[in-house]
Amino acid sequence: MIRVIAFRLLQFPLVLAVIYLTTFMLVWVVPGSPFGRAERKLDPIAEQAMKERFHADSWKSFLAYYPIQVITKGDFGRSMQYQEWSVTDIIKVSLPVSVTLGIFALTIGTIFGVMIGTLAAVNRGGLFDWLSLTIALIGISIPSFVVAALLLATFTGRFGLFPIGGCGGFREMVLPAVALSLAPLAYIARLTRISMLDVLGSDFVRTARAKGLSRFTVIWKHCLRNAFLPVLSYLGPAAAATFVGSFVVETVFSIPGLGQHFVNSVKNRDQTLILGTVMIYSVFLLTFNLLVDIAYSFVDPRIDITAKSSS
Amino acid sequence: MRQPLLELVDLNVAFDTERGRLRPVRDVCFSIFPGQTVALVGESGCGKSVTALSILRLIPQPPGRILSGKILLQGRDLLTCTENQMRSVRGKEIAMIFQEPMTSLNPVFTIGDQIMEAILLHQRVTHRQAKEIAEQSLRDVGIADPARRLSEYPHQMSGGMRQRAMIAMALSCSPQLLIADEPTTALDVTIQAQILELLRKLQRDTGMAILLITHDLGVVAENADTVGVMYASRIVEYATVEDLFDHPQHPYTEGLFRSVPRLGQLSERLATIPGTVPNPARFPSGCKFHPRCHRMQADRTCANTEPLPREVRPSHWAACHHIDTFAASPVTRPTLDHRREVVPLTDPALHPQQRASARD
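So the protein sequences, as listed, match chains A and B.
Numbering follows our numbering, in which position 13 of the first sequence is assigned residue number 13; successive positions increment by one, without gaps.
Convert by adding 1000 to the 1-based position in the second sequence; the result is the number in our numbering.
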């Protein structure tokens, strides 16, 4: 087990290098310059000086400078847009905000998603099943800015239950976390319902009932663990995606998270920041997928991640 | 006469589906005495498994529903029990093993966990005592190194081993009745023989009764004391195993015996019963077997009225208009406190494995 994890960790630099180079290529292929705009042209000489300062006068000098900095110092360089900030500092400030919000949102999504999915499967064809499916469908279909606006309209202002925006305390987190959790919640509910239906029809459920266990014990103890497996594999990419923040939710609730930088850096052609954010996302994705694989072998003893080939 | 351990009285089960009401069990009547093995034989879909599940009230509800009848366990009607009372019957007084040992155990729990779960549920014992009981019951079913097996997962065991573990789980609370729903269908022939022999041995040791659900007449011949033949959700013939094999009365039973291949008999084709098992949604009128019956004669009795089982010979019930004595026979409830006297076809002194190697 430890060998497998060590091996997977050794793969990380290679994968990350490939992602870095691919992103770098795309960043350079895209037309436009990080310095000056079409509508506000910079003086060519000033632009040239700026480019040289940022090692961005040619892709060769870019590639000769930045990767070495990243490897040796973990430094992505200065942001080409917010020039007084280094990319690392931007991430350091905004990532914790997004991660906190993400953990909050994903916890809500997982707990309620699994609960709703299980109840729907148990009451298959009943009113609750129909209701939860409808809500899940709505949750998947409605864009998060609509949900966010709805939440704002309902819970702030008139009733003043929660603040409109900002960041800091628990109360500020509730509404954005709920808005952010809705999509994973709906997806997890549907996943759980499907796999729960599958598990409920399996033979070992009948065996467990024939032993004299109550329906609740059978569902809680025997079914949930089996039904959770598909949810678990979804949680890896879902965690990576929610933890790096959401542009929409952060904008609506004015939260200084990392999500906005994903969109803004591309809009500004902020090459260093693009690379920084993409690498953070990649590290998250790789880490959470590894964690999910490890968790898998604990939940289902049949899965042996140390196996070289399926046998 | 002794009191039966379990008595089924006119059990009727319905499944309400979108295509209408299905009747998988109709007027099923039989009893099981302590230490007795009763076999229910029939083709797939004839209602034998639903009958077995109904005894434990484990048919899926909805769509399943027990319409009427009584299931008397030592005189107590299980159909009037509350769900809580039922739970203390399941696993403790009546245990059940299933056809698919591959899927009947939960893949994410160890064998030990699953056996101990039943013990801890029904007996007032500590965790450690439960483990000892579980270990002993694995030893009783002939699993070597039971202490190690307890901490293994089902996927680490073979099919025969898993069925043994299932039996160990079922017997860990010393039930009075074991319902075995096609316990050997999914296993290969040598393992089949071993499992059946194990069941016979455990029955001798504990004195439990067995309700054996099967479609295999060989299994019936070797194991059953009395036999109920089911066709189209009804018991059409009920007798002792000797009487049934020597004097089959119902044309369906006759057909079943004819379609068993005999050693040394050369024939181009195996005899079969013409036609197919009727779809429960569209049972034929009258006798449900009449479209396939070789006895069907010109009179319309068979197509119009469904015969109910009568005692056509002493201690032999059958439901067919064309048995000579049928019209004059009394309608009595099929109950037979009978124990086979014949020696089993397999010599118990010889273990199947030894037999296999002796052949080589």
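Just so you know, these hints were derived from the structure itself, not from any lab.
Small disclaimer: the values here were computed from a predicted structure and weren't measured.
Just so it is clear, CB atoms sit at the ideal spot from N, CA and C, and this is done for glycine as well.
Warning: the hint list may mix true and false statements.
Some residues of chain B that are not near chain A, with every Cβ distance over 10 Å (derived) [stated by the list, open to error]:
#: 1; residue: 1012
#: 2; residue: 1092
#: 3; residue: 1198
#: 4; residue: 1222
#: 5; residue: 1315
#: 6; residue: 1323
Now the stretches of chain A that chain B is said to cover, found in silico as 3 or more residues with beta-carbon under 8 Å [to be verified]:
#: 7; region: 236-245
#: 8; region: 258-267
#: 9; region: 296-303
Here chain A is said to cover these stretches of chain B; the calculated rule only asks that three of the stretch's residues, wherever they fall, bring their Cβ under 8 Å from a Cβ of chain A [said to hold, decoys possible]:
#: 10; region: 1115-1128
#: 11; region: 1266-1277
Going down the list of hints, with the structure as the test:
1. 1012: Correct as stated: the minimum Cβ-Cβ distance to chain A is 22 Å, above 10 Å.
2. 1092: It is violated; residue 1092 of chain B is separated from chain A by about 6 Å at its closest Cβ, not greater than 10 Å.
3. 1198: With a cut-off of 10 Å, residue 1198 of chain B remains clear of chain A, as the shortest Cβ separation is near 18 Å.
4. 1222: 25 Å, holds
5. 1315: With a cut-off of 10 Å, residue 1315 of chain B remains clear of chain A, as the shortest Cβ separation is near 32 Å.
6. 1323: Residue 1323 of chain B is indeed farther than 10 Å from all Cβ atoms of chain A, at 38 Å.
7. 236-245: violated (count 0)
8. 258-267: It is violated: at least three residues are needed, and the region 258-267 of chain A offers just 0 whose Cβ sits closer than 8 Å to chain B.
9. 296-303: This one holds; 4 residues, not fewer than the three required, reach chain B with a Cβ under 8 Å.
10. 1115-1128: Three-residue rule met by the region 1115-1128 of chain B, so holds; n is 4.
11. 1266-1277: The restraint on the region 1266-1277 of chain B is violated, since only 0 of its residues have a Cβ under 8 Å from chain A and three are required.
The structure fails to meet hints 2, 7, 8 and 11 from the earlier list, while all remaining hints are met.
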